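S.K.: All chains, full assembly: derive it from the sequences and hints.
Chains as they are written, first to last, in my numbering: chain A, 1 to 295; chain B, 1 to 291.
Think of the hints as simulated: they come from the structure by calculation, not from any bench.
Model, not experiment: these values are computed from the prediction.
Some hints could be false.
Unchecked claim - Just a few of them, taken from the derived set where beta-carbon distance is under 7 Å, the chain A residues facing chain B:
1) Glu40
2) Trp52
3) Thr194
4) Ala195
5) Leu207
6) Asp226
7) Ala255
To be verified - As a list, the in silico SDA-like pairs of lysine to any residue whose alpha-carbon atoms are at most 20 Å apart:
8) A:Lys153 with B:His216
9) B:Lys208 with A:Val125
10) B:Lys67 with A:Val125
11) A:Lys85 with B:Gly188
12) A:Lys108 with B:Glu83
13) A:Lys85 with B:Gly65
14) B:Lys28 with B:Gly188
15) A:Lys85 with B:Ala108
16) B:Lys208 with A:Arg142
Glycine included, every Cβ here is placed at the ideal spot set by N, Cα and C.
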Amino acid sequence: MKIAIASGKGGTGKTMVAVNLAVLAAEAGQQVVFADCDVEEPNAHVFLPTVWEREDKALLPIPRFDQNRCLGESCRACLDLCRFKALIRMAGEIMLFPEMCHGCGLCKLACPAGAVADDVRELGVVRQGVSGGIRMAGGLSRVGEAMSTPLIKAVKQSANDAPLQIWDCPPGTACPVIAAVSGADYVILVAEPTAFGLHDLNLAVELVRALGLPHGVVINRDGMGDDRVLSYLEREGIALLGRIPGSLEAARASARGGLLVRTFPEIRAVLETVLATVQERIRASAGQGEAACAR
Amino acid sequence: MREIVVLSGKGGTGKTSVTAALAVCAAKSELPGGPPVLADCDVDAADLHLVLAPAVLERHEFIGGDKAAIDAAVCQSCGLCREACRFGAIDEAFQVVEASCEGCGVCAYVCPAGAATLGPRMSGDWFLSETRAGIMVHAALRMGEENSGKLVSTVKKAARAEAERLGRDILLVDGSPGIGCPVIASLGGASTVLMVAEPTLSAVHDLKRVHALARHFGIPCAAILNKADLCPELTRELAAFCGESGIAVLGELPYDPAFVAAQLAGQSVAEYAPERYEGLFSEIWRRLAAS
Chain A
1 MKIAIASGKG GTGKTMVAVN LAVLAAEAGQ QVVFADCDVE EPNAHVFLPT
51 VWEREDKALL PIPRFDQNRC LGESCRACLD LCRFKALIRM AGEIMLFPEM
101 CHGCGLCKLA CPAGAVADDV RELGVVRQGV SGGIRMAGGL SRVGEAMSTP
151 LIKAVKQSAN DAPLQIWDCP PGTACPVIAA VSGADYVILV AEPTAFGLHD
201 LNLAVELVRA LGLPHGVVIN RDGMGDDRVL SYLEREGIAL LGRIPGSLEA
251 ARASARGGLL VRTFPEIRAV LETVLATVQE RIRASAGQGE AACAR
Chain B
1 MREIVVLSGK GGTGKTSVTA ALAVCAAKSE LPGGPPVLAD CDVDAADLHL
51 VLAPAVLERH EFIGGDKAAI DAAVCQSCGL CREACRFGAI DEAFQVVEAS
101 CEGCGVCAYV CPAGAATLGP RMSGDWFLSE TRAGIMVHAA LRMGEENSGK
151 LVSTVKKAAR AEAERLGRDI LLVDGSPGIG CPVIASLGGA STVLMVAEPT
201 LSAVHDLKRV HALARHFGIP CAAILNKADL CPELTRELAA FCGESGIAVL
251 GELPYDPAFV AAQLAGQSVA EYAPERYEGL FSEIWRRLAA S
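M.R.: This is the structure in structure tokens:
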């Protein structure tokens, strides 16, 4: 069971919802793996202090050029084919801008002289550890590295065998979010009842609809804004999974890394319902799938 | 030309609210160089337009790169393209999975039948607009698209051209959360990073990564401490970090429901509660413009 927590807008409470759901599941005796898929700004460890037991470098294959084998001025095969402007010829030698390279391997395929060998660029690290009864997977991109999707995929792969997975996704709607939510059984979108919150929720809904992923919405900081998000959900027929009441006390506790399900019974109750509803929906749709197969 | 880029690492700390308030106050100020040209570089979840209500003057399509297509009528299902594609972008039926395709051209290169071809990828739109706070360049990335970095660079380039045309000295750029592709693109040519910090453990962690990124590119930083009274001991920690790191703290803002109320009213907080915020943001702008 793979549950992704996403939002469109940053700062709506994705990580808060994700860590508290993981704690509830673990307390109920479920084996849970938490995958922090926000590799640029991972924060789950703030709430779930983690002992990292294993750390591996995430590497992108990039080319290395053997200038002695290169045919020189008579050939431009790699220069002409690279679509990422990662190669230039300077002083007769092929030079690579490693940060521009996507690691597609076309230059190696195309080189008639076999002058292209393999090298790697470090994207960051992928790590695994534990926080109490919760297994943790996460990544940390290298400062200055623009590509994060291979790292996100590596984090998810490291959690791949667990029966219950909670994926905390990055904000936005671009390629890192696609990499993070793809393959989820259910996406919980966390929204706040503000103008920015509604606008970006709409984008996130379009995204999960395009990907064909089952989804529902948790409204966080309920009461701080207006009810435009509620009427939007109603109009669009989107499931409202729960409303987490906004309070200064909860904001303060979260700011310090506190787990709200431990100190705010009313928030615990909301999130227990959210977890039960989502798991029930996943089971129901898996059951439907099996029934369809049997027929 | 000077470029001030508003960043935070963590989302939701108040980048766009701060940018909007600064823009409105800067437009009224009589500092030399005139008001800044605005650029919303949070292209995959842009919100500045919700406050500044731009009237679009020009709309341009953005081609983010290429994407592959495989002609099923010509494809011989030999499997060479699937084997060579490093992005897992060709499915078992030999169709291109658009969300995974990076447009590298490997499939077209290896296809013996000429079934795989590359074509332009419409990845979004960008706009040149007029607002009550001056000229603004903004964009909308189509959902799930690649190349948000390239769209950010396109927005900045257009904003610079507009500033030159109007004889303006400063760009004010609203950035994305994170420290990846779009953020790195928004830092190209930046003269100052204005960090909007909030006193939460998550935001402190994330801000340090943004600061490391700015240092990586050699760009000086300034900071605004937002929601300062939410957690005073973390605000002190933030202030201490700024002090040690040579980051000028330009102002503190309270945790104030007026920020959300302003947003819902389609105003910047400097317009919604001018008695509290107009002077404050004007002074922050004066210090930024002089830095």
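S.K.: None of the hints should be skipped; say for each whether it holds.
M.R.: Taking the hints in turn, this is what the structure says about them:
With 7 Å as the threshold, the beta carbon of A:Glu40 comes within range of chain B, its nearest partner Cβ sitting at about 4 Å, so the hint holds. Taken as an interface hint, A:Trp52 does not check out: its beta carbon lies about 15 Å from the nearest beta carbon of chain B, beyond 7 Å. Because the smallest distance between the Cβ of A:Thr194 and any Cβ of chain B comes to about 5 Å, under 7 Å, the interface hint for this residue holds. Taken as an interface hint, A:Ala195 checks out: its beta carbon lies about 4 Å from the nearest beta carbon of chain B, inside 7 Å.
Evaluation of the A:Leu207 hint against chain B yields a held restraint, the C-beta minimum of about 5 Å falling below 7 Å. The interface hint given for A:Asp226 is met, as the beta carbon of that residue sits about 6 Å from the closest beta carbon of chain B, less than 7 Å. The beta carbon of A:Ala255 is positioned within 7 Å of a beta carbon in chain B (closest approach about 4 Å), and the interface hint is therefore held. For a cut-off of 20 Å, the pair hint linking A:Lys153 to B:His216 is broken: about 26 Å separates their Cα positions.
The straight-line distance between the Cα atoms of B:Lys208 and A:Val125 is roughly 18 Å, inside the 20 Å bound, and the hint therefore holds. Distance check on the hinted pair: B:Lys67 and A:Val125 sit about 29 Å apart at the alpha-carbon level, beyond 20 Å; violated. Under the criterion of a C-alpha separation no larger than 20 Å, the hint pairing A:Lys85 with B:Gly188 is consistent with the structure, at around 17 Å. Proximity of A:Lys108 to B:Glu83 is assessed by CA-CA distance (about 14 Å); at most 20 Å being required, the pair is judged to hold.
Annotation: proposed proximity of A:Lys85 to B:Gly65 holds, straight-line Cα distance about 12 Å (limit 20 Å). Simply put, B:Lys28 and B:Gly188 have alpha-carbon atoms about 28 Å apart, too far for the 20 Å limit, and the pair is violated. With a C-alpha separation of about 18 Å, the suggested pairing of A:Lys85 with B:Ala108 holds against the 20 Å cut-off. Between B:Lys208 and A:Arg142 the alpha-carbon distance is near 13 Å, which keeps this suggested pair within the 20 Å criterion.
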